[in-house]
Amino acid sequence: MDIFIFEAANQCIGIEAKYIYRIADNVIIVPVPLMPACYEGLIYYRGDLFDVIDMGRLMENEATMLRDDPYIILLKWDAGKLGLIPDRIVGMQWVENESGTGTVFNKKGDTIKLMTPDEIWGKLSGLAYGA
Amino acid sequence: MSRTSIRNKLILSFLVLLLLLMMIVAVINRLTHDFYTAQAISVALALAAGAIFGGYFSRSIVRRLNSLSAVAKEISHGDLSKDIPLLSQDEIRDLEEVFASMVKDLREMISDIQNVAGRMEETNRALCSLSEKVMASSEEIDASAKAIAKGSEQQTMIVQKTSLVINNSLDQMDAAGRQSAQTVSKIKDALVKTGSGETKARETLKYLDNVLSQIAENTEPIYRLSNKVDKIRMVMHVMDEVAQKTELLSLNASIEATRAGEMGKGFALVANEIRSMAENSKRSSQEIGRIVDDIFEDNKAVIEVLRKSEQDVGKGRGIITGMVGTFKEMLSGVEEISTDVKAVEAVTLRQVKEIKGLLAHFEALSRLAQENFVSTQKTTVGTKNQKEGMQKIVELMQSLNTLSEKMMASQRRFRLRGD
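Note that the protein sequences, when read in sequence, are chains A and B.
If you number the first sequence the way our numbering does, the last residue is 117 and the count never jumps.
If you number the second sequence the way our numbering does, the last residue is 420 and the count never jumps.
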């Protein structure tokens, strides 16, 4: 299975490649009030609205490293659209896992946490305002 | 009343007596015819008349002589108050007048003696007081003369010391004059050296100007280098952006390739390679950026150093310009000093001349002081002699006083009219 791997909160996180829509940059994020701290806002990309989440804050409630122009990983699946701000993008890799969840190891032996967009959305939905 | 001498009186009296006797004899002869009786009576009458007349006459003379004798006796007792009665009209009158004149003269003399004695006493008293004053003055003169002698001695010593000091000063002033001459010579050297220093400072200034322009010329390429490094940084930034875009593009390409499935695997490989190249390019770009930053920092440091050098050289130039000004001031100052030192030399020479004159005056003063010393010694001896003389005078005055007192005592024995 091809997964897209990125780093956030000192963790390697992998998402199945089929959910990845695009890697974007130079996109204006519009802040949304009364949302959790990891929720950065909304972006409009090629006719679609994406909720943008800082993955570092979502995972460990730590602020993402300051970047002038961060990449945003755009996810698109049947239930929704989501933009993730990683600390660093590792790239596309193939792993022996078909479930799309749990933990896998890459060729170098690094631990990669596999997550689905619903899982990420569910984690975001569980957070209160300002958390 | 006309005066008659005793001889005339005697002759007249004898003639009157003789006439009377002859008349008596004639009367008796008439009365008696006895010759002898007549003779006896005549003789008796003549004797009686002679005795009466002689007695009267002698008594008259003796009385006046006694009167004179009594007055003389009183005069001998010092009573000159009595007047001599001028009763006689004969030679005794002369005696009386002479006696009266003598008494008068004696009275005047005594009065004069009294006056003289009084004056003598007063004079003596005044002389005593004067002699005491003179004695005191002599003592003061003696003390003053001693003080003057001591002062003269000290003055001589001081004058000698002063002469010595002036001699030393004269030597020192001579030395100062020589020193002034040497100073003038040295000032001339200093003038030459200061002029040379000014010329060298001007040359240094010119050299510094050249160095400044050289620095400016040398700085120009470094500034250009700095601009170029800036441009390189801009290019590097563009390259960075290109690498970033390439990476993004390769990521999206690999996503699209994955989405294409088996058909896109080749494209995924290409995308991965492109991403790898973009990452390499990014790393190289970052490495070049660091190097360029280093170059930029070094260049900045070099520019800073050059600016500092320029500033230092500018400061040096300012200092050298100040030095040139200072050298100019030094030149004018040294010229002024030269003029002043020459004036000082002239003044010193005049002073030496005047001090030599002063020294001659001091030598004269020393001689005078010595003469003063001798004179005061003589004065001391003189005052001593004067003192002795004054003591003798005092003794003589005392004896004179005694004599005057005796005279006063003697004259007190005489009693004048009005006493």
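One or more hints might be untrue.
Lysine-lysine pairs mimicking DSSO-like chemistry, simulated, CA-CA at most 30 Å apart [what the hints assert, rightly or not]:
| no. | chain 1 | residue 1 | chain 2 | residue 2 |
| --- | --- | --- | --- | --- |
| 1 | A | Lys94 | B | Lys266 |
| 2 | B | Lys301 | B | Lys207 |
| 3 | A | Lys94 | A | Lys4 |
| 4 | A | Lys67 | B | Lys301 |
| 5 | A | Lys62 | B | Lys301 |
The following residues of chain A were derived to be distant from chain B, with all beta-carbon distances above 12 Å [to be verified]:
| no. | residue |
| --- | --- |
| 6 | Asp(-12) |
| 7 | Ile(-11) |
| 8 | Lys4 |
| 9 | Asn12 |
Here are a few chain A residues that sit away from chain B, every Cβ distance over 12 Å (derived from the structure) [what the hints assert, rightly or not]:
| no. | residue |
| --- | --- |
| 10 | Met21 |
| 11 | Lys67 |
| 12 | Ile75 |
| 13 | Gly77 |
| 14 | Met78 |
| 15 | Thr87 |
| 16 | Asn92 |
| 17 | Pro103 |
Worth flagging that the hints you see were computed from the coordinates, not collected in a lab.
This structure is a prediction, so every number in the text was calculated from the model and none was measured.
Glycine is no exception: its CB is placed at the ideal position from the N, C-alpha and C atoms.
Status of the hints after comparison with the structure:
1. Lys94(A) - Lys266(B): holds (22 Å)
2. Lys301(B) - Lys207(B): holds (29 Å)
3. Lys94(A) - Lys4(A): holds (23 Å)
4. Lys67(A) - Lys301(B): Answer violated: lysine 67(A) to lysine 301(B) is near 50 Å, above 30 Å.
5. Lys62(A) - Lys301(B): violated (50 Å)
6. Asp(-12): violated (5 Å)
7. Ile(-11): violated (9 Å)
8. Lys4: violated (7 Å)
9. Asn12: violated (10 Å)
10. Met21: holds (27 Å)
11. Lys67: Nearest chain B Cβ is 15 Å from lysine 67(A), so the label holds.
12. Ile75: violated (7 Å)
13. Gly77: It is violated; glycine 77(A) is separated from chain B by about 7 Å at its closest Cβ, not greater than 12 Å.
14. Met78: violated (5 Å)
15. Thr87: Threonine 87(A) is indeed farther than 12 Å from all Cβ atoms of chain B, at 19 Å.
16. Asn92: Holds: least Cβ distance 14 Å, greater than 12 Å.
17. Pro103: At roughly 15 Å from the nearest Cβ of chain B, proline 103(A) sits farther out than 12 Å, so the non-interface label holds.
Hint check: violations occur at hints 4, 5, 6, 7, 8, 9, 12, 13 and 14; the rest are consistent with the structure.
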